[in-house]
Amino acid sequence: MNINKVSTIEAIALILILTINRLSISLPQDIILSCGSSSILNVIYISIIAIIFTIIIVKLFKRFAGSDIVDVSSFLGGKVLRNIVGIFLILYIISISSLLLRYFSETLKVLYYFDTPVIYILLFFIGVCIISNIFGGHSIIKTNLIVCIIMLIGLIISFLSVTPNMTIQRALPILGYGADKTFFYGLTNLIAFNGLLILYLVPPMLSNKEDFKKVAIISIIITAILIVFAVGSVLLAFSFSTEIDKISSLYMLLSNNVFGKYLQHPESLFSFTWVLSFMSYINIACMLCIQLVKKVTNVKNGKPLIIPISLIIFALALLPKNLVYAHQIEYSLYTFVSIPLLFIILPAILIFANRKYKKIHRNNYDV
Amino acid sequence: MKILTHFRKIAIIFLSIFIVLFALSGAYNTQNIDRLAYVIALGLDVGENEPLKLSIQLSRPGSTKSSSDQSSDNNIVNSVECSSIESGLNLFDSYISRKINLSHCKVVVISEELASKGVSDYAYTLLNSVEMSPHANVIISKSPSEKFLNSSQPILESLASNYYEIALSSSEYTGLTQNVTLIKFFSDYVDTFRNPVAILGAVNSKDTNSLSNSTTNASTDMASDINKDSSYVAGQTPISSKDNIENMGLAVFNGDKLVGELNGLESIFHLIVSNQLKSCNISIPNPLGDSDSIDVNLSLKSSTKNNVQFVNGSPYITSNIQLNIKILSATEQSSKSDSDYFSDENMKQIEEACNKYLSENITNYLYKTSKEYHSDIDGFGKHAVKYFLTMQEWNDYNWLDNYKNSTFNVTVDSTLKSGYTFL
Amino acid sequence: MKENKKILKDMLSSSKQYLHKIFYEDETNSYDFTLPDTTNAIVADKSTNYSADNGTLNLDNETLQSADTSNDKVFQSLDVNLEYMKTRFNTLINSDIKIREFTLNARNKQYNAFLVYIDGMISQDIMNNYILKPLMLKNSANSYEGNQNRIVAEAKTNNITVRKVKKFNIIEYISNCLLPQNTVENRTKFDDIVADINSGSCALFIDTLDICFSIEVKGFERRGLTSPNNEIIVRGPQVGFTENLRTNTSLLRRYINNENLIIESINVGKLSKTSCAICYLKNVANTDLVSEVRYRLNNLGVDYLISSGQLEQLIQDSDLCSLPQMVSTERPDRAANLLYQGRVCIIVNGSPYVLIAPGILSDFLESPEDLNLKHQYSNFARVLRIVSAVIALLLPGVYIAITNFHQELIPTELLYAIISSREFVPFPILFEILVMEFSFELIREASLRVPSPIGPTIGIVGALILGQAAVEANIVSPILIIIVALTGICSFAVPDFSLSFHFRIMRFIYILLGAMAGFLGIAAGVCVHLIVICNMKSFGIYYLETNLFKKNNVGNGIILHPAFDREDRSGFLKTKRPKIQDEISMKWKYNKN
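In order, the protein sequences belong to chains A, B and C. Our numbering numbers the first residue of the first sequence as 836 and each following residue consecutively. Our numbering numbers the first residue of the second sequence as 7 and each following residue consecutively. Our numbering numbers the first residue of the third sequence as 3 and each following residue consecutively.
Each hint should be verified, as a subset may be incorrect.
Said to hold, decoys possible - Taking beta-carbon pairs under 7 Å as the criterion, some of the chain B residues facing chain A (in silico): (1) P140; (2) I172; (3) I189; (4) V196; (5) D197; (6) Q282; (7) K392; (8) F394; (9) T396.
Stated by the list, open to error - Pairs of lysine to aspartate or glutamate, DMTMM-like flavour, derived with a Cα cap of 25 Å: (10) A:K1081 x B:D262; (11) B:K123 x A:E1078; (12) C:K75 x C:D193; (13) A:K1016 x B:D402.
Bear in mind the hints are in silico, worked out from the structure with no lab data behind them. A quick note: this is a predicted structure, and the numbers were derived from the prediction, not measured. Idealized CB from N, CA, C, for every residue including glycine.
Isolated chain A (complex conformation) (with noise of 0.2 Å):
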């Protein structure tokens, strides 16, 4: 089936998801190992990068109102320019989940349960990805939007809880490891705007096609604070964030706050939530993947694509060796294909097509 009825607030939540689980598995601790103290200057930076990026996109979006990047795609160069782009985003989703999907169990199974195989880890994750898909796309989304705002509650209270600990002064100095690292090298640190990607796939599913623009503007405003926030209570109230690479961010934060005194151990009742909107995560990869496959290959149903793409996505989660070498792949994909596919390939093709759209349309007066 179609989705073709995503409101506002659920298209927000479905960009917002990307970033929340990122958050609470690497990103502050990679951006500010790279970046040292001036972290939260190089965060804000790329924040005002993104923001004028997105501001672009919509613009370059205007003209196609309620087609995606695939349907731009095959305006500018037919059926093979489609292909090519449907087929690398298919590949970009399922890669990108998998690892992330790997990380994120082992990480688990580091924490809660030293001697399960990662595999059953894994297939819990799986099992519930093959159910929520049989069901349709439109309560996941819904369910999307229940789990992003237990998740936003729960970031919210662990950045407050750390704010006693917070020294200011260790934002200082100002120049972490350098200007040229901060600003220049820093721009790598783009990959923590992930969620552009379901920007470029989100205009068909919307319900009220205006509304693109406030999604659009909205979610990245949304992100860049949160990304701000957390980079932030990461580095202020942690002397040794800039040398040590603790295991996951959210968890430090949560196990060295001031709850520690009254409630043992709190990250294990957070570890409900982050599971909760992973699974959520993972859902919505899914979901897109078949929508995408959808539209390059023309099927009518989807329902046949669940388990092969989740059985896929499965087994690309098992290659890597163990923990490490999966954050090193994870990394050096998103340094050197999502930087460029996201902020360079995707927006030319839609400035090319917006050049043979005017180009075609010279003739009328209300191009």
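Given chain A, put chains B and C in place with the hints provided.
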């Protein structure tokens, strides 16, 4: 059609067998709650034959119906000589019937001897573990840790874990020590802005009481005369009771090695300067002459403002302290309305006496940390970092080494707020 | 010697008998009856489909009787009608079908007639005094003589009189003048006549007339209006629906005295033809919703329908999760409130529970008293109910997840209490929980059927003493008793019976998931549960609307507005009349004039 339904039945049967096998496979990490032994306190000593002597304190869970067993029955301490914490716990697993679990460990006790050799490995190992709670307190014990653990008898509680939790938060109202947790210790150790401290503890028995006058501080007579009761170090207070543990004062580290200790009074000064004091009671010399000293209750009026400037390459540290005073003691003379403490003149005199007393002693304390211990435990480094642009420059300057060249200027401004029921 | 011979002879004969018995006689059969396949004629009607290969039964034209009676019409000859009715109602075997033959007087002429009725369903008083008496006994009405035609109009021109007359019609005459009964209908088809007789009317056949009069004489025993048994509230009307359809509709009419309340009648069930009523407000309810309800009720291929519970299962959207999708209530005030909101009410004859479509999740967490009390109390009670619902669902699962996988969460003192209480218990926690939950459900089920003098005692005895004895015998630990008792109490706090059943079933799944994988399992369960709930629809409306920021999303949520502030009707019902109240409903207070 028939084949499809037939296939569906087979698929459902296989799926249910798979799920049942999967669920009952037993490969999951189920630890039955009563198959675990929960360690309450961990003790680290220098071993005779091995690098480390590990002691653990367990508590036997009493039955629900009996009201009070002998607390000594419930307190079980075992020690083993081993080469590292993990191998020691492994040895214990084979000796004690249940599996050792550190998730409820409240206290880590490290002996003085081991601390002077360096505790960084142990700190990293303990924080690497998933079970260990980062909010466990770190105590440096002047006696061997095994003796410390053996002597810790809860007087008013039945569970030793309760005792540790309550006892170590007494610093909030006495100020004589500080509630240092494992994560705070580790954070301060890794920090380039400061050096770590830990709680100083010891066993208070009749032998240590006689050391009451041979304290380690070489501070002025005024301090030791007037505040003799606060100037003890752990284990030396003349309390007559059975052997029991006592936490007073702080242990000062430079890096990960123990370099010195602070007595109770100096801990109060440390809390004042680093802006962590809640409230405490000390005595100040009485300018009015009706008694030797006045007991006052101190609390911070606003946060202490520290500042660092660089003069000729050395740090010049200023500290601006604002306090609220409440007078606790009362004499016959002071309660009479004509010469009570609260006339304008007398108030000014008391405040000035307090300022003078505190600024002198705090300056002495700061010079002690700088010249003797070379250890910046008050965290002045964070005020010095604003002069540097990149982390490379800051690391090259190496604040912690340069602390020993610093000079201090302390100003105290106290305000007499009130007394108690005698006005 | 002789005796020996006799003895030998006896032995020989008895052994002969024995051998004879073994080899020649059949076994003595014990009484054994098994149901054979039916070899009588199978009555098949057009809508019942038989599969092509039906075993050993041979269905050919002779054995198949098609009982298609839909085109049988009343005959003119009385005897033929009599024979038809006798056959149709099996009067030779059926003991309470009565046929009263008599002679009818009309216009001073005598006609043969007969009445068919079911004894016990009619009021004999009415039949004797208002049907038989005026028709049989001579009175001024039926002895009026003559075949005079009635003059309707007359015009005279040029000595020619033109009269417009109405021909004498005996059917009209009898029904208009001779039958002083409030409901008389003319029937021609036998199917309709039979349906009317079955519901308590009587049928009057008259010789030479090809129609039949169906006269309403219902007079069977019915239960009086009592307070509802299962929906007890403190402050509100104490009257409940009964089994009779007319009584129920009259109750509804009294609460909604508006001419736009439409009560349509539908018969469900091929054999039972149970009459059901669809009630809705024509100028409020969405027409598509009403059409959908009507469509579903009209297209049910069942033989019989006894209660509204069966009907609910037949017309609900999905059977996957055991969640209820229609509100079923015994209170007319609740039904009236929901009708005013724009919903559709289905009443089934013979069942005191009416069904209201559609039903979403927040309806089942609502008590009928919420609208009668101040909004502060109602909101407090609602929040309490939601918390108790979550506890009833998740508490045992979370307990077992924490004690098996996440022991670090428990405060140390509680941990020691748990360990010391479990010291002598030999079973693992999962087994204990399953045993205690199972016995709790057993006590609940058993106490439904215990004879009433000792009913409450058994409940208390079972719960307290068994639990205490189990603790003393070291089978379970005391903390578990508290958990199970708390779960049980919370599941009683959920107002709707079906929803609490759903939670009781799901609780076991959560226990198993929690024991398998701790918080991972519970999160997986919650995720799948949420997805199933979000996917469910009840008559075209999503069961759980998570989007709290949607426009027109009032009335869909948890918090109730104060009574003077409930301006909008529930948006999800898409009614024709969006506003319930004016902007300022308390005009006495804020009168600007």
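Okay, the hints, checked on the actual structure:
1. The interface hint given for P140 of chain B holds, since its Cβ lies 5 Å from the closest Cβ of chain A, which is under the 7 Å cut-off.
2. For I172 of chain B, the shortest C-beta to C-beta distance to chain A is roughly 12 Å, which exceeds 7 Å, and the interface hint is violated.
3. Taking 7 Å as the C-beta cut-off, the interface hint given for I189 of chain B holds, the closest approach to chain A being about 5 Å.
4. Given hint, V196 of chain B at the interface with chain A, holds; its Cβ is 4 Å from that chain's nearest Cβ, closer than 7 Å.
5. Interface restraint check: D197 of chain B against chain A, minimum CB-CB distance 4 Å, threshold 7 Å, status holds.
6. Using the Cβ-Cβ criterion of 7 Å, the hint placing Q282 of chain B at the interface with chain A is not satisfied: the shortest such distance is roughly 11 Å.
7. Checking K392 of chain B against chain A by beta carbon gives a least distance of about 5 Å; that is within 7 Å, so the hint holds.
8. Taking 7 Å as the C-beta contact cut-off toward chain A, the hint placing F394 of chain B at the interface holds, the least distance being around 5 Å.
9. The beta carbon of T396 of chain B is positioned within 7 Å of a beta carbon in chain A (closest approach about 5 Å), and the interface hint is therefore held.
10. Our distance criterion of 25 Å between C-alpha atoms is met by K1081 of chain A and D262 of chain B, whose separation comes to about 21 Å.
11. For the hint pairing K123 of chain B with E1078 of chain A, the CA-to-CA distance comes to about 24 Å; that is within 25 Å, so the pair holds.
12. A C-alpha spacing of about 9 Å is found between K75 of chain C and D193 of chain C, which places the hinted pair at or below 25 Å, so the restraint holds.
13. A C-alpha spacing of about 18 Å is found between K1016 of chain A and D402 of chain B, which places the hinted pair at or below 25 Å, so the restraint holds.
Hint compliance for this structure: hints 2 and 6 are broken, all remaining hints hold.
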